[in-house]
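Peer 1: Could you put together the complete structure from these sequences and hints?
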Amino acid sequence: MAHPPVNILIVDDIAHNITALEALLSRPGVKVLVAHSGTAALDLLLKHDAALAILDVNMPGMSGFELASLMRGSPRTSHVPIIFLTATAEDASRTFRGYEAGAVDFLHKPFDPRILQSKVDVFVQLEQHKRRLADQLLATRQLLESNEMLMAVLGHDLRTPLGTVLASAEYLARNAADKQACTVANRIRNSTLRMSRMVHQLLNLARLQGGRMPLEPRPTDLAALCRSVIEEFATQEGVERIAVDARGDCSGAWDTDLLWQAISNLISNALHHGAQDGGIAVDIDGGDAQHITLKITNRGAIPPNVMPHLFEAFGSTTADRRATGSHPADGRLREGLGLGLHIVRTIVHMHGGKVCGTSDAEHGTVFAIELPRTADHGTTR
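Residue numbering for the sequence shown follows the UniProt record's numbering, starting at 1 and increasing by one per position.
Hints are computed from structural coordinates only; laboratory data are not their basis.
Be aware that a few hints might be false.
[Claimed, not checked] Think about it this way: if two alpha-carbon atoms lie no more than 27 Å apart in a straight line, the pair counts; the simulated DSS-like pairs of lysine-lysine are:
no.	residue 1	residue 2
1	K119	K47
2	K130	K31
3	K295	K354
4	K47	K31
5	K179	K47
6	K130	K47
7	K31	K109
8	K119	K109
9	K130	K119
Peer 2: Here you go:
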């Protein structure tokens, strides 16, 4: 984005001082604003933003100190850095008064032009950096707004037809004339469910990364919440392999909806990607007074090269298989976009907790969540 020149304000009542400073500081990308009095300087500051003000201390009518005090008292100019120039002999009390008036530097005439030029360069560069950061912030906001708009389209315009396709596939599967028709209908149903999960993951990620909704903790029993999540999977194959073990005080204050989503993602991973002949253990340990620990274990191992990328979003095709409890060689179709564990980590961190995953052929895959009993109310989602 093209920017106007950086403005440097010079205030001095002596014409040849102004001429010398203009000649010293003028360059491409820098515009020198000139005022011969404090009143004229204030008029200029009402019309222009300045990256730096160079003020002569001894001026008739309004001194440089008085001008600086007025600048500091106005929200529009309070942030403008000030360098004082004075021909008066160096005096510690006078110098202190200058810094007290808001100066960033205090130079005595005659000064070395190279020193002043170097100091001005610093403030010019700071202003240019500030403008670039402002551009980046604007671009980020626009991208976020576009992302939220896209998520809204996904949520409304995709989920509605997906629901119709799913209902039609289930109807065809129940009323199939032969085995081949039933197989095709089930294939349509499974693909539709997988696409629905992808849309759901994208919507969840957009909501979490937007950071515009407050966390809403309320009293919750983690064991009861886990059993509620498992009940949602009642119609899925393999749910009978899930065993829940809870001990100690399982209560706390968390955002139930978000925590439900995190647990659901972990249970879904274990069901879809764990070894089909192995059990799934959900263990809730409420023995600690400050924290509660949830572990979900299933048989099957994640490849070692995938473990470092376990909680990253949108990994490579190989890394997308990380969110599983089975080896890629099992040949089963992977679900979703590889966002499930990334969403889990985001939700747990929002609650001030920790999550980790371990996996090997002997012990299987274990995801462990440690939650403080009271979520941080200042966290956003």
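Peer 1: All hints, please: hold or fail.
Peer 2: Quick rundown of the hints versus the structure:
1. K119 with K47: Between K119 and K47 the Cα gap is close to 25 Å, so the pair holds against 27 Å.
2. K130 with K31: Judged against 27 Å, a Cα distance of about 17 Å means the pair holds.
3. K295 with K354: Holds - the C-alpha atoms of K354 and K295 are around 12 Å apart, at most 27 Å.
4. K47 with K31: Between K47 and K31 the Cα gap is close to 14 Å, so the pair holds against 27 Å.
5. K179 with K47: Violated, at roughly 80 Å.
6. K130 with K47: With Cα atoms ~20 Å apart, K130 and K47 stay inside 27 Å; holds.
7. K31 with K109: Distance ~23 Å between K31 and K109 Cα, so the pair holds.
8. K119 with K109: With Cα atoms ~15 Å apart, K119 and K109 stay inside 27 Å; holds.
9. K130 with K119: holds (17 Å)
Checked against the numbered hints given earlier, this structure breaks only hint 5.
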